[in-house]
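A.B. asks: So the chains spell out like this:
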Amino acid sequence: MIASRSPIVRLGVRAASPLAIVIAVYLLFAGHNRPGGGFAAGLVLGAVVTLRTLAGLQRPTHATGLITSGVVLVAAIAFIPLLWGDPLLDQQVGSIELPVLGKVKSGSALPFDIGVTAIVMGLIVALLDGLSDPTAEGGDPAPVEQEERR
Amino acid sequence: MNTLIALTIIAPLLGAATGLAFRTNSRARDASTLLGTGVAAAAAVWILVRVADTGSHVMAVGGWNPELGIVLVADLFAALVLPVALLIIFVVEIFAIGQRRTAWGANPELAGPLLGVLTAGVSLAMLTGDLFTLFVAFELILVSSYVLLTHQGQRGQIRSGMTYVVMNLLASTLFLLGLAVVYAATGTVNMALLAERVPELPTGVRVGIGAWFFVVFGTKAAIFPLFSWLPDSYPTAPTTITAVFAGLLTKIGVYAMIRFHTLTGMDDLGTIMLLIAGATMVIGAIGALAQSDVKRILSFHIVSQIGYMLMGLGLFSAAGTAGAILFLVHHMPVKTVLFLVGGLIENHQGTSALDRSGGLAARRPLIAALFAVPALSLAGLPPFSGFVAKFAVISAGIEQEATPIVVVALFAGALTLLSMTKIWLGVFWGPSPELAAAPARAVGNRRTMVAATGLAVAGTLAISLFAGTLFELSQRASEDLRSPAAYISEVTS
Chain Z
0 MIASRSPIVR
10 LGVRAASPLA
20 IVIAVYLLFA
30 GHNRPGGGFA
40 AGLVLGAVVT
50 LRTLAGLQRP
60 THATGLITSG
70 VVLVAAIAFI
80 PLLWGDPLLD
90 QQVGSIELPV
100 LGKVKSGSAL
110 PFDIGVTAIV
120 MGLIVALLDG
130 LSDPTAEGGD
140 PAPVEQEERR
Chain G
0 MNTLIALTII
10 APLLGAATGL
20 AFRTNSRARD
30 ASTLLGTGVA
40 AAAAVWILVR
50 VADTGSHVMA
60 VGGWNPELGI
70 VLVADLFAAL
80 VLPVALLIIF
90 VVEIFAIGQR
100 RTAWGANPEL
110 AGPLLGVLTA
120 GVSLAMLTGD
130 LFTLFVAFEL
140 ILVSSYVLLT
150 HQGQRGQIRS
160 GMTYVVMNLL
170 ASTLFLLGLA
180 VVYAATGTVN
190 MALLAERVPE
200 LPTGVRVGIG
210 AWFFVVFGTK
220 AAIFPLFSWL
230 PDSYPTAPTT
240 ITAVFAGLLT
250 KIGVYAMIRF
260 HTLTGMDDLG
270 TIMLLIAGAT
280 MVIGAIGALA
290 QSDVKRILSF
300 HIVSQIGYML
310 MGLGLFSAAG
320 TAGAILFLVH
330 HMPVKTVLFL
340 VGGLIENHQG
350 TSALDRSGGL
360 AARRPLIAAL
370 FAVPALSLAG
380 LPPFSGFVAK
390 FAVISAGIEQ
400 EATPIVVVAL
410 FAGALTLLSM
420 TKIWLGVFWG
430 PSPELAAAPA
440 RAVGNRRTMV
450 AATGLAVAGT
460 LAISLFAGTL
470 FELSQRASED
480 LRSPAAYISE
490 VTS
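So the protein sequences, as listed, match chains Z and G. Using numbering that gives the first Met the number 0, the first residue of the first sequence is number 0, and each one after it goes up by one. Using numbering that gives the first Met the number 0, the first residue of the second sequence is number 0, and each one after it goes up by one.
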């Protein structure tokens, strides 16, 4: 990667990563009542992963793990209300008093959003794996190129 | 009932997710994807039993008001088509397990989970009660189909895959624009509310919306001027993938068309639909005659058969719609079986080209028998399911005195029989060619493949056996669609 030779880029990405993660967490929680949500949070985290890949920094690698756990979590949250005879995807909302934050209201939509975040992030990690290393799992060894070179 | 409806969508998705997690352990992976589809198919059969007994069931997802939220509606039409579709995918997945070690097999690490996602999309497309969720379901199906079609990365697949992707993206874009038009005109995308509000629109707007969605669904269904992407792209994919696509994808387009255009009462489009139906039938059948490869002949037949369903719909009578529904139910398994047999042929002699094969009836009589039943059924010969379905459509045409389309339909039926004869002569009779006698590559587990094909053939025979019941159910489903008052009150209440 070209960026890995530039200390400015590397330092910048390293400094920006925690900020971006804070923004992603904000979006995840804001999604209940304001613009945001699991998908947007996943995209922000995916952007962090992409930047870190370009800068040659450490990044998450387990794409299938992320996707699988995300889908299982989402499906479980969607399905559980049916056990009590409620419709699919029905939401349970509860609120508790916390010492610093005051009254916090949240519901079963939160783990659902976390699952969506995991899926989006997993897909971006899989995409980067496939683009950066053609022999990595998930990517084909590109027989088309070989054919055309002949 | 809520649980059953949810299972048809969630079980295949979960199967896909766990299949992805087990990607290197082939046994666990196959077990989880098969289990996902199997559970969904069982749930779908149970839904059919319940709906036929007690009437349709509506589930408002998340408990939202239908005007705002998503509704899943298991009415008789959905309940009738869904189990057939899911059982087909289940059988094809078994076939794929037998075939995966061959050169024609799909990459199982990808194909299993992606078929799971596609299955979830199929369930959603059939059960959804609003147009936007239908769009989402179409996208779910299409995105996985893009990958399934091209994942082997061979040159022919990429080239024809491009046409497929471009045509379908275009149709999806038109779909989205059409949704905007519908929402602007009526203020809703819920089908029950549309059934109420669209007939009250000015004629120009109403017919415009109908024609717009006719083009959108017609592109997916491969009707006459919009079918060119199909015969090019389908034969290049691995057999199992083609079998699922052939059995299901175009039929989802027809399904959406039958639902949307009958519910909203688009009777004004009847004449143009009949014209296009006739052209689709004849051009598909003639195109099939000109081909010299089993898979290409069968691909052109998909186009031709779509014409019959469109004819049933275009008549806009209760009998016509019932015929179209019955034809849909008959056609999905028969077409899939024919492609599976095509896969068996390819597996045995290393090619599916007619001029390089022959004499298979003597060497493999079982395969010949497995081909003969669905082929005769497709051509519409009694006592097979194709006869019942064609009879229903054509008698509806006679009832309405639509003589030209009836004549065209009978003529296209004869052409179909002719091209089936062509496959029979080329592949099963005649001398065995020497060069193709011993396919050098690994051949996979033939017993699994033959068993899966046999199971599917038995399924098509069961359809002709229970034709009476199925026809009666189709009639009830068609009456529900033609007079949507009950549908509207069930969804909106």
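Derived from the structure by calculation, the hints contain no laboratory data. Glycine residues also receive a C-beta, built at the ideal position from the N, C-alpha and C atoms. Just so you know, not all the hints are guaranteed correct.
[As the list claims (entries may be wrong)] DEER-style ranges, computed between Cβ atoms:
id : chain 1 : residue 1 : chain 2 : residue 2 : range
1  : G       : P201      : Z       : A46       : 45 to 51 Å
2  : G       : P201      : Z       : V92       : 42 to 48 Å
3  : G       : L169      : Z       : A15       : 47 to 53 Å
4  : Z       : S5        : G       : T162      : 40 to 46 Å
5  : G       : G186      : Z       : P98       : 26 to 32 Å
6  : G       : P224      : Z       : A14       : 54 to 60 Å
7  : Z       : G55       : G       : R158      : 33 to 39 Å
8  : G       : L169      : Z       : L18       : 54 to 60 Å
[Said to hold, decoys possible] Below, a sample of chain Z positions facing chain G; criterion: calculated Cβ distance under 8 Å:
id : residue
9  : V12
10 : T63
11 : A74
12 : A77
13 : L81
14 : D85
15 : P86
16 : L88
17 : Q90
18 : I95
19 : E96
20 : L109
[To be verified] If you want a taste of the chain Z side facing chain G, the calculated C-beta under 10 Å gives, among others:
id : residue
21 : S16
22 : P17
23 : I20
24 : I22
25 : A75
26 : S94
27 : D128
A.B. asks: Each of the hints needs a verdict: does it hold here or not?
C.D. replies: Results for each hint:
no., hint, in the structure
1, G/P201 with Z/A46: 45 to 51 Å, "holds (48 Å)"
2, G/P201 with Z/V92: 42 to 48 Å, "holds (44 Å)"
3, G/L169 with Z/A15: 47 to 53 Å, "violated (39 Å)"
4, Z/S5 with G/T162: 40 to 46 Å, "holds (43 Å)"
5, G/G186 with Z/P98: 26 to 32 Å, "violated (47 Å)"
6, G/P224 with Z/A14: 54 to 60 Å, "holds (58 Å)"
7, Z/G55 with G/R158: 33 to 39 Å, "holds (36 Å)"
8, G/L169 with Z/L18: 54 to 60 Å, "violated (41 Å)"
9, V12, "violated (30 Å)"
10, T63, "holds (5 Å)"
11, A74, "holds (5 Å)"
12, A77, "holds (6 Å)"
13, L81, "holds (5 Å)"
14, D85, "holds (7 Å)"
15, P86, "holds (5 Å)"
16, L88, "holds (4 Å)"
17, Q90, "holds (6 Å)"
18, I95, "violated (23 Å)"
19, E96, "violated (27 Å)"
20, L109, "violated (15 Å)"
21, S16, "violated (27 Å)"
22, P17, "violated (30 Å)"
23, I20, "violated (25 Å)"
24, I22, "violated (27 Å)"
25, A75, "holds (9 Å)"
26, S94, "violated (19 Å)"
27, D128, "violated (13 Å)"
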